[in-house]
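Trainee: Using the sequences and the hints, build the whole thing.
Taking the UniProt record's numbering, the leading residue of the sequence shown gets 1, the next gets one more, and so forth.
No wet-lab data here; the hints were simulated from the structure. Among the clues, some could well be false.
[As the list claims (entries may be wrong)] Cβ-Cβ distance ranges computed for the label pairs, FRET-style: (1) D24 - E196: 52 to 62 Å; (2) L214 - T27: 45 to 55 Å; (3) D149 - P216: 33 to 43 Å; (4) T31 - Q126: 50 to 60 Å; (5) E194 - E96: 34 to 44 Å.
This one's a predicted model, so the numbers in the text were calculated from it and none came from an experiment. By construction, the Cβ of each residue, glycine as well, lies at the ideal position given by its N, Cα and C atoms.
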Amino acid sequence: MARKRPEEPESESGSPEWMTTFGDMMTLLLTFFVLLYSMSSIDVAKFEQAMGSLQGHLGVLSGGRAISTQQNLDRGDIGQDFSPITTRVLERAMTEIETYVEDEGVSQDVSTEMTQRGLVIRFTGQLLFNLGEADIREEGEDVLLRVADIIREVPNDVLVEGHTDNLPINTPEFPSNWELSTARATRVIRYFIENEDIDPDRLSASGYSEYQPLRPNDTPENRAENRRVEIVLLNPDYMGPPRAEQEEVIN
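Mentor: Right, here's the structure in full:
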């Protein structure tokens, strides 16, 4: 007679019990580190330096893209909103500029404004230049020196814009306000590069002549306000105005 084999106990289905405990522990650790991150204050410059040392080593495949620190730090996901790190960097720079302006008594000639483009530092033309000229005055260099210190502290790219009033100019050096506004912007750029050793890769200049006034050019006071230079610490999240708005400005 054949012997009946003893029945083997059925194996338990599902994951071992220790996996449940392990999963709970990992969830708690993740929550803990998220809380730490949300309460932390990141030194962007040091983070950039540390991440830069890993460039080219963290791409998944040969020829793939390595981590882009600027995109990971500053890219916003909702419209034109600033990322938290970008906001902290620009607000700190804005506070430093405002403190300096008050201490030096030049608040009538220097102002700041936070816009979608980034932090705009606005200088009256009379502070930086004599009327109809593009050589930086000594008083203007003193202010630009402090601005250069702040530019070195932040990772943002910098745009310098020149603006004039609507009074025509026609000299051998500046045939029109286009040449004057552009020359003033580039002179500021050259000052940052040659005198303050700012990385040229971070800088750009543009001139707008009389076509982006702050006020109507109908009084001497308004024209003086329209003669200005704006230094913009650019928000890397900003993608520019919608195409329809760009076409309206051009037209």
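Trainee: Does each hint fit the structure? Answer for all of them.
Mentor: Hints versus structure:
{"no.": "1", "hint": "D24 - E196: 52 to 62 Å", "in the structure": "holds, 55 Å"}
{"no.": "2", "hint": "L214 - T27: 45 to 55 Å", "in the structure": "holds, 54 Å"}
{"no.": "3", "hint": "D149 - P216: 33 to 43 Å", "in the structure": "holds, 36 Å"}
{"no.": "4", "hint": "T31 - Q126: 50 to 60 Å", "in the structure": "holds, 56 Å"}
{"no.": "5", "hint": "E194 - E96: 34 to 44 Å", "in the structure": "violated, 23 Å"}
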